[in-house]
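J.: Knowing the structure of chain D, use the given hints to seat chains B and E on it.
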Amino acid sequence: MHSTFSLLSSLVVCLLLALPTDGYDPLITRDNRKPIVSTEFGRVESVEVYDGSEKEPLNLQFFTLEPSSLLLPLLVEADMVFFVQTGSGRVSWVEKGDITHMDIARGDVYRLRSGSVFYVQSKTTATGEKLRLNALFTRRDYEDTLDEFIGTYANLSDVVLGFDNKVLQASFKISEELIKEIKSRKKPQMIVPAVLKEKTEEDSNWKLGILEALVGGGSHEERSNKKRKPFNVYKKEPDFKNPNGWTLTVTRKDFPPLKGTNVGVFMVNLTKGSMVGPHWNPRATEIAIVTHGQGMVNIVCPSKKSQCPRTSFKVKEGDIFMVPKFHPMSQMSFSNESLSFMGFTTMAKKNHPQFIAGKLSVLNTLDPDIVAEALNLPKSSVQELLSCEVRAEIR
Amino acid sequence: MHSTFSLLSSLVVCLLLALPTDGYDPLITRDNRKPIVSTEFGRVESVEVYDGSEKEPLNLQFFTLEPSSLLLPLLVEADMVFFVQTGSGRVSWVEKGDITHMDIARGDVYRLRSGSVFYVQSKTTATGEKLRLNALFTRRDYEDTLDEFIGTYANLSDVVLGFDNKVLQASFKISEELIKEIKSRKKPQMIVPAVLKEKTEEDSNWKLGILEALVGGGSHEERSNKKRKPFNVYKKEPDFKNPNGWTLTVTRKDFPPLKGTNVGVFMVNLTKGSMVGPHWNPRATEIAIVTHGQGMVNIVCPSKKSQCPRTSFKVKEGDIFMVPKFHPMSQMSFSNESLSFMGFTTMAKKNHPQFIAGKLSVLNTLDPDIVAEALNLPKSSVQELLSCEVRAEIR
Amino acid sequence: MHSTFSLLSSLVVCLLLALPTDGYDPLITRDNRKPIVSTEFGRVESVEVYDGSEKEPLNLQFFTLEPSSLLLPLLVEADMVFFVQTGSGRVSWVEKGDITHMDIARGDVYRLRSGSVFYVQSKTTATGEKLRLNALFTRRDYEDTLDEFIGTYANLSDVVLGFDNKVLQASFKISEELIKEIKSRKKPQMIVPAVLKEKTEEDSNWKLGILEALVGGGSHEERSNKKRKPFNVYKKEPDFKNPNGWTLTVTRKDFPPLKGTNVGVFMVNLTKGSMVGPHWNPRATEIAIVTHGQGMVNIVCPSKKSQCPRTSFKVKEGDIFMVPKFHPMSQMSFSNESLSFMGFTTMAKKNHPQFIAGKLSVLNTLDPDIVAEALNLPKSSVQELLSCEVRAEIR
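Residue numbers (the numbering used here), protein chains in the order written: chain D, 1 to 395; chain B, 1 to 395; chain E, 1 to 395.
Here chain D stands alone, though its shape is the one from the complex (with noise of 0.2 Å):
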């Protein structure tokens, strides 16, 4: 019984340790994240997802900071692709020696690049407004994607106060009194209060032109003309729209700064009873987050049945869905409630979601005699089928 045991045991450890997934499902409810740290302020919650592509799962993770709150520094080990669900702030970050700062709103999308040291401040509004970002730590090219020493971020105090006080004492050209005195400090929250007065960005400008007019040099028309300004998404003309919905993505091309990374941010949002319709991405995987409502979604694994435990499930705010390219997918909202989702894609370029129903449909394209013989089906029901003239993205 014992060995039956030992056996069973060393199997599941085998498995475990050799299969990063034993199957892919689909949904991870918002209960499942895991929190990273939760203060007054604000809080980070993670959730890993396996998206069948690397070696290592990637990294979503939900930074929620109150009004007036601080995110302290945070050094990135890998892209960071963020999306601003609610709320507004500033985001600075320094970057081979230079320090950038950018303010951030509700539908913003940017990179920051893995290096960078970066922290978040958020703003106070009138309507109160919590500042959440919801961030892809992503490997930026084949070169990274493997890299198991690596995690996605560290704190600045642990960068800079893990050397030895003899290493310290050096570098600073400080006293073993003050090393040791830093040393013994309570490590502080990832999330404080705000410590600089909100400034607009002509303030910093200004600034920043003072500066360096003290300084000297023309490194201040330099940096002015690279500008950064993030991407928002509900600026921008959406890709599909009708009355039942609309969507929308970014892509690489539409926006510079995902250069170099192969993720791409859509927003897909129904109206009450609606359903986009049944479709699958042949470059795409798809990382949901839902952002408001409820709703269906069903999901077709039609060449490895065996890997799909779960095809139509109910999704709910804070749920993060993910379907691999080549799995069709339909999602629906209530009758009586509408459903906002948006999303990472992995393998943002060149991607054409292929719809199965409606007038540019893969069924529409083939002759009638082969669907036919496809679906073993009589030609009237065929014609039936292939009716429907409207384009089916939303309905």
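By construction, these hints were calculated from the structure, which means they are not laboratory data. Being a predicted model, the structure only gives us computed values, none of them experimental. Wrong hints could be hidden among the right ones.
Any copy will do: because identical chains look the same in the list, a pair fits if it lies in one copy or spans two.
Calculated pairs, DSS-like style, for lysine-lysine (alpha carbon to alpha carbon, straight line, at most 25 Å) [what the hints assert, rightly or not]:
#	residue 1	residue 2
1	173	96
2	130	229
3	259	235
4	253	379
5	236	186
T.: Structure of chains B and E alone, referenced to chain D:
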């Protein structure tokens, strides 16, 4: 005793899980092909070849269609490079909403892109030849290599009818009864009798012209410009040819449709009692399929000897053999039978096969004194070895 | 009890199989090098370094040739980037049918391409110095990363004589007796006494000219144009230099022959009692070999603390230490001895080392209020920390 068994079992399990292969076997005989489907109209067989360079094995499939048969539409989830071994027919595919028809005949090479929906119809020929395609399924590039949720292809009926009734009903705007009836029908076999009358290419172009004239627009011209044609290996000058045989390779440089894959195609023909001289490929791994006759293959595993269970073996029609790059090899026909094989190479570009004997050999490039030391031979033997001044590709 | 043993054993087996490493150890001491060959004419030692970014560990080899010795021809199956630590000699290689000879001396860096057959001959110098090469074997690019059938290099005799007698006989057109005699000879050691008289470069060019004049054709000129030269680290201006030491890096930007690899080479020299200030590399992982002296290395693992078994350790001549990107580090010489190390970086391009203290530090770029919060310090301490305004690369 039980516990010993359990230890051994779990060890075996671990080994199977953790190592994709426990050694390299260069030979897969014809009877080790795995049947996928077999009807009176044709059959499909599959072989997985682990080439050592990808986590996932390469998938090789053999499609055989009786005259006037139809391979029903498949959604390919990987790039499919194919070679027409015998017969003729037509392949049709839908990519990004357009359908393309292309006639194919013996010796043709083509590549269908992942995400295409394709079907194949065989022609009736005077000789009653079957249409036989040898196909390699391959991930397009590094971004696609490790996708374990993705298979090779899916049947169109699984893709379309995998959705919930409610979703299908809303999508196709048809009655619940019709949905139920459609779903209740027996799933068709993968290969069925042909349903389309055999059209010549002119016919279909003509029809396309009419259609587009009705629809309006200049898209016909655009489409004609990018008319797809396969590459025929029998119409190209061989890379090397003498009375003992010939060899030919097709790379993405020769044939633009191969661009974006790292797959090339090659063909070797040996008359009776001939051989391809000892050589290695510094860049390409070869996966060969014997298309005619019998012969002997000799492989050397110089740097990882333990991984070579088989270094000299007989091959016959239908057998598959795989030679990783840097592994010296030689193929011979028997004195009473010719030998032909075609195959796929991974990493198609810039491969310079390096021959060991003859005028262009690496030995003849080195200083004879160095060769003498390297092989620990007296100078006289080296002189004899290097005296063979003819080119040694085939002899 | 047995079953517990079995469980534990299989667990260990699983762990060993499934995880290429169970933690990151930055130090490999000299006595952990694995000897490959050792004769009176020289020796070869090997070390495998798991850098976390590839499935397969990186292979580092140390070639030591006594004066006037010969490393027999090897077929390299990976790119080989080497650094000449001491001595001088000549490396010769055959690539695509051409032979190239190149003189090498202390401080030279070069890269041989996978697929080359090369050999090395050491010179007799006045000081009797040995020729010592430190070499990193690396897959060229993503297409080559996971090739488990391929090793590092193979001896020419194994490559040539691994074939069956019949194949060799047919290829070289020699008698069966000679084949048998050749195969019966004792396999030579990897390093033997030099057999070629030491030629100057002028000699060989002259000989080459004669040869090509006889053969005819303008290929001599063409070959002269692309005459290969190594990069010498002692002839380049250091990236940073002050009385305490200097640092230098060689990337593919500096030295075109490194193109196509993601490997760079660096060198650091510290005088007595000096240090390389705390910094991290955002793009490059460093593998360093101590070439002279002794010192201390201090590493911080900020984001994955559990994976740092060793953060402060002594290094001495011949030791190897590896620092993954994003890991802050500092190296110090002792007060009574200088310290030199050279090494290889993976991901050579666009690495901007980020220093923690001094004028260009990330702390000085941030707002002092933010630094105070991040380190949980009073403003006065922050001012002291940031007051050090000198550049801190080496101090």
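J.: Now, for every hint given, state plainly whether the structure supports it.
T.: Right, here's what the structure says about each hint:
When the C-alpha separation of residue 173 and residue 96 is checked against a cutoff of 25 Å, the pair qualifies only within one copy, where the shortest distance is 24 Å, while the shortest distance between copies is 57 Å. In the homo-oligomer, the alpha carbons of residue 130 and residue 229 lie at most 25 Å apart inside one protomer (21 Å), although the nearest pairing across protomers, at 58 Å, exceeds that limit. Proximity of residue 259 to residue 235 under the C-alpha cut-off of 25 Å is restricted to the intra-copy arrangement: shortest distance 20 Å within a copy versus 37 Å between copies. In this homomeric assembly, residue 253 and residue 379 never come within 25 Å of each other (Cα to Cα): the closest approach is 43 Å inside a single copy and 45 Å across copies.
Proximity of residue 236 to residue 186 under the C-alpha cut-off of 25 Å is found in neither arrangement, the shortest distances being 46 Å within a copy and 47 Å between copies.
When each numbered hint is compared with the structure, violations occur for hints 4, 5.
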